[in-house]
Every structure is written in C-alpha cells, then in structure tokens.
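Visitor: Sequence:
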Amino acid sequence: MRNLIGVEPFDAEILRKAEKLRQQISVPVELDSPFFLARFLRGNRGDEELTAKRLMDYFTHRRLLGYDKLDDMQVLRKHPITKATFERFSISKMEPSLRSNNCHVLIQKMEGSDVKEIIKVIPLSYVLHSYFALQEMFCRCIAKTENETGRPSAVVCVLDLKGLALADFANPLGGPAKLARLVVKIWSDYFSENMIKLVLINPPGLVSLLFKITRLLMDEATVQRLSILQSLDDLHALLEPQVIPLVYGGQWVDRSGFADPPETCVNQLLPVLQSEHRKAEEIWAEEGYISPPQSKTFTVKGRHKHDVHKKCTREGERLIWQFDASADIDFEILRLEPKSENEKNVWPRLTLTSLKVAEFGALECGEAGDYVLRFSNPSATWFPVKITLLAEIK
1 MRNLIGVEPF
11 DAEILRKAEK
21 LRQQISVPVE
31 LDSPFFLARF
41 LRGNRGDEEL
51 TAKRLMDYFT
61 HRRLLGYDKL
71 DDMQVLRKHP
81 ITKATFERFS
91 ISKMEPSLRS
101 NNCHVLIQKM
111 EGSDVKEIIK
121 VIPLSYVLHS
131 YFALQEMFCR
141 CIAKTENETG
151 RPSAVVCVLD
161 LKGLALADFA
171 NPLGGPAKLA
181 RLVVKIWSDY
191 FSENMIKLVL
201 INPPGLVSLL
211 FKITRLLMDE
221 ATVQRLSILQ
231 SLDDLHALLE
241 PQVIPLVYGG
251 QWVDRSGFAD
261 PPETCVNQLL
271 PVLQSEHRKA
281 EEIWAEEGYI
291 SPPQSKTFTV
301 KGRHKHDVHK
311 KCTREGERLI
321 WQFDASADID
331 FEILRLEPKS
341 ENEKNVWPRL
351 TLTSLKVAEF
361 GALECGEAGD
371 YVLRFSNPSA
381 TWFPVKITLL
391 AEIK
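Residue 36 in UniProt numbering sits at position 36 of the sequence shown, with consecutive numbering throughout.
In case anyone wonders, no lab produced these hints; they're calculated from the structure.
Just to be clear, a hint being listed does not mean it is correct.
[As the list claims (entries may be wrong)] The calculated DSBU-like cross-link candidates involving lysine-lysine, where the alpha carbons are at most 30 angstroms apart (straight line), are:
#, residue 1, residue 2
1, K69, K185
2, K162, K356
3, K356, K339
4, K339, K83
5, K305, K120
6, K212, K116
In this text the structure is predicted, and so the values were computed from the model without any measurement.
Kindly generate the complete structure, drawing on both the sequences and the hints.
Guide: In structure tokens:
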C-alpha cells in the first residue's frame with residue numbers, strides 16, 4: 001500500500017506571518033515562490049524574529065561565497081570550495097521536471113565515500129559551506145515547482161548506505177561523527193522544511209546500531225524526519241517510480257552525461273589518494289610561503305569571542321588563515337568600516353571544529369582596511385575552546 005511522501009499544507013497562521021515577513025525581507029527572485037517564507041517560518045516554529053535572522057544568515061552566505069551567481073552545474077563543478085567537496089561524493093543532480101507528489105528527490109550513494117579519508121584532504125568548513133550550496137539548489141528547484149503548480153514542494157533525500165563503515169560514526173568524538181553532527185545542525189536549524197525526509201536504504205549491519213547513531217547525531221525532531229528501509233520494495237511505497245533510479249527498480253535514468261552509469265543517476269566520485277593528504281607546509285607553500293608563519297594560541301570561554309585584527313594596506317592583498325579548534329567554534333571574518341564602528345561581513349559565519357586537516361582559507365581583500373577574524377564560543381559551558389591560529393596578509 002502506498003503512503004507517498006508529501007508536503008503538509010501550511011496553516012493560516014503561518015501563511016499570515018509569511019505575508020507580514022514579505023514586507024520586511026527581500027527574497028532573491030530565483031528562490032522566491034508563494035511558500036518560500038512559509039517554509040522557513042514553519043521550520044522555525046513560527047518564530048518571526050528567528051526566521052528573519054536565519055534567512056539573513058543564508059542570504060549572506062550565498063552572496064559572500066558567490067554561489068548565488070552560479071548555476072547548479074557550476075556549483076557542482078566550478079566553485080573551488082563546492083567542487084572540492086562534491087567530487088568526493090556520488091550524488092544526483094536536481095531535475096526540476098521529475099516529481100513525486102510534487103516533491104523532488106536527491107540520490108546519494110555512500111559506497112566508495114570514505115569519510116575518514118575525505119577529512120584528511122578538505123577541511124570541515126568545505127563540507128558545511130557546500131551543504132548550504134546544496135540546499136540552495138534545492139531552493140531553486142522547489143521555487144520553480146511551486147511557481148508552476150501553486151502547491152507546496154520540498155525535497156526528499158534517498159541515502160544509500162551500502163558500503164558505509166557504520167562504526168566510523170559510532171564514536172561521537174570521531175571525525176565522521178563530528179562532520180555528520182554539524183551537517184545535521186545546518187539542516188535542522190535552517191532547512192528542515194526544505195528537505196522534509198531523509199530515506200535510508202541498504203542499511204549496513206544492525207539496524208539497532210544505526211538507530212543509536214542517529215540519536216547521537218540528531219535531535220528528536222530531526223530523527224522523526226528519518227525513514228530506515230529494510231527493503232527496496234518499501235521505497236516504492238514512499239515515492240513514485242519516475243523519481244526512483246532504475247537500479248532500485250524505478251524508471252529514472254539520467255542520460256545527460258552527468259551520471260555514470262546512467263541507471264544509477266549519480267556521478268562517479270573521485271577517490272582520495274594518500275598523496276593528497278594535506279599538511280600545513282603544503283597549504284602555505286601554495287600561497288607562496290617557504291614555511292608556515294608563526295602561530296598564535298588562545299582560548300575562548302563559553303559565550304565569549306576573541307578577535308584577531310589584520311591590516312590590509314591596499315586592495316587586492318590576500319588574507320590567508322589556518323587554525324585548529326579543540327571544540328565547536330563560530331568563525332567569521334569582518335572588515336571594520338573606516339571612521340565608524342560598523343562591521344561588514346566578508347566571510348560567512350559558520351560553526352566549525354577541527355578534524356584531520358586544519359581549517360584553512362584565503363580571501364582577496366576588496367578594500368584596504370582593518371580585517372577581523374572573529375572566533376565566538378557558542379557553548380554555555382565553562383569549558384574554553386583552544387585555538388591555534390596562523391594568519392597573514394600578503
């Protein structure tokens with residue numbers, strides 16, 4: 001018996017608040033639809049102030065990283081951060097014309113994606129920034145459908161766990177679990193009504209262990225958005241055949257040249273080679289340094305921040321950074337406006353922690369001035385976060 005996944009209608013109160021919010025917020029045209037604001041409001045339980053803040057976070061993120069100006073294929077294959085991430089995973093591309101009960105579907109296969117190896121070649125921030133960009137692609141697809149049909153839409157993600165080393169995620173202090181937890185946090189905080197269901201198929205090992213791991217990584221509300229399927233027959237009860245890949249008994253075949261092979265509907269991933277493991281010396285050598293600069297170590301108490309100032313003397317110089325954090329830390333870069341106390345975001349705020357490779361990045365200074373690397377401890381506990389930072393203007 002079919003029980004197709006679909007979007008629950010928005011109630012009158014959410015729609016009323018959405019109309020009110022529309023008078024305050026300018027939504028980018030490629031994202032806008034009759035239900036865009038209602039979706040974010042419901043995701044934030046109708047809290048208008050929190051919704052506005054998180055929308056501004058998202059809009060700032062897309063603008064500062066520049067993926068707002070890119071089409072989906074450019075996001076997947078051209079942007080330096082998102083390309084370095086997405087090439088390590090097997091995913092499908094968004095197909096606006098394919099829908100099940102007015103919902104779109106993303107397929108991801110974990111076979112061959114060794115998360116323990118991936119975090120040795122790209123920093124955690126790359127994965128988190130890329131997840132925002134993935135949700136951007138969801139938003140664009142949803143907007144097209146809602147504007148065309150006049151009905152609410154959303155995305156369902158089908159995650160094929162075949163080949164996944166489930167034990168890698170069982171240790172909450174391990175790198176894979178930390179990565180998964182912070183990705184889930186973005187989904188839960190910002191996009192819970194964008195991607196309304198995560199369907200897990202081909203679960204490896206004991207399902208009881210999988211349930212235990214999901215509860216380590218997710219809050220209860222997010223756990224309720226999971227469906228763990230023991231049989232592919234169950235997938236056909238949730239989705240219509242046109243959005244199910246042929247390899248899973250459906251009708252979807254991607255012959256665009258993106259998927260390899262076409263019947264899987266996902267791209268071939270790029271495996272991690274040991275020669276690609278990143279060291280600090282290599283990171284700085286790529287920026288023209290013979291050796292890394294002197295590091296600075298400091299701690300940030302709970303609910304406190306620590307600013308590191310770097311002076312850019314002329315337009316076009318590069319701010320380069322690398323840091324390790326002992327626990328979760330919010331990181332962003334701002335420029336102080338001259339002759340005022342105003343701050344302008346130049347690198348988006350993100351909650352990070354250190355995994356196998358240090359956090360690193362570089363930013364071209366659009367203007368001369370005082371640039372601030374800001375580290376804020378989001379935790380209310382008394383445990384401080386230790387930061388070891390290398391930062392230079394060149």
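Visitor: Is it true that the CA of K356 sits at most 30 angstroms from the CA of K339?
Guide: violated (41 angstroms)
Visitor: Check the hint pairing K162 with K356 against an upper bound of 30 angstroms on the C-alpha distance.
Guide: Roughly 24 angstroms between the alpha carbons, so the hint for K162 and K356 holds.
Visitor: Decide if the proposed pair is consistent with the structure: K212 and K116, CA atoms, cutoff 30 angstroms inclusive.
Guide: Measuring from Cα to Cα gives roughly 20 angstroms; hence the hint holds.
Visitor: Hey, K69 versus K185, does the alpha-carbon distance stay inside 30 angstroms?
Guide: Roughly 26 angstroms between the alpha carbons, so the hint for K69 and K185 holds.
Visitor: Given the hint that K339 pairs with K83, does the C-alpha gap stay at or below 30 angstroms?
Guide: Roughly 39 angstroms separates the two Cα atoms, so the pair is violated.
Visitor: With a cut-off of 30 angstroms on the C-alpha distance, tell me whether K305 and K120 pass.
Guide: The given pair, whose Cα atoms are some 28 angstroms apart, holds under the 30 angstroms limit.
Going down the numbered hints, you'll see the structure goes against 3 and 4, while the others check out.
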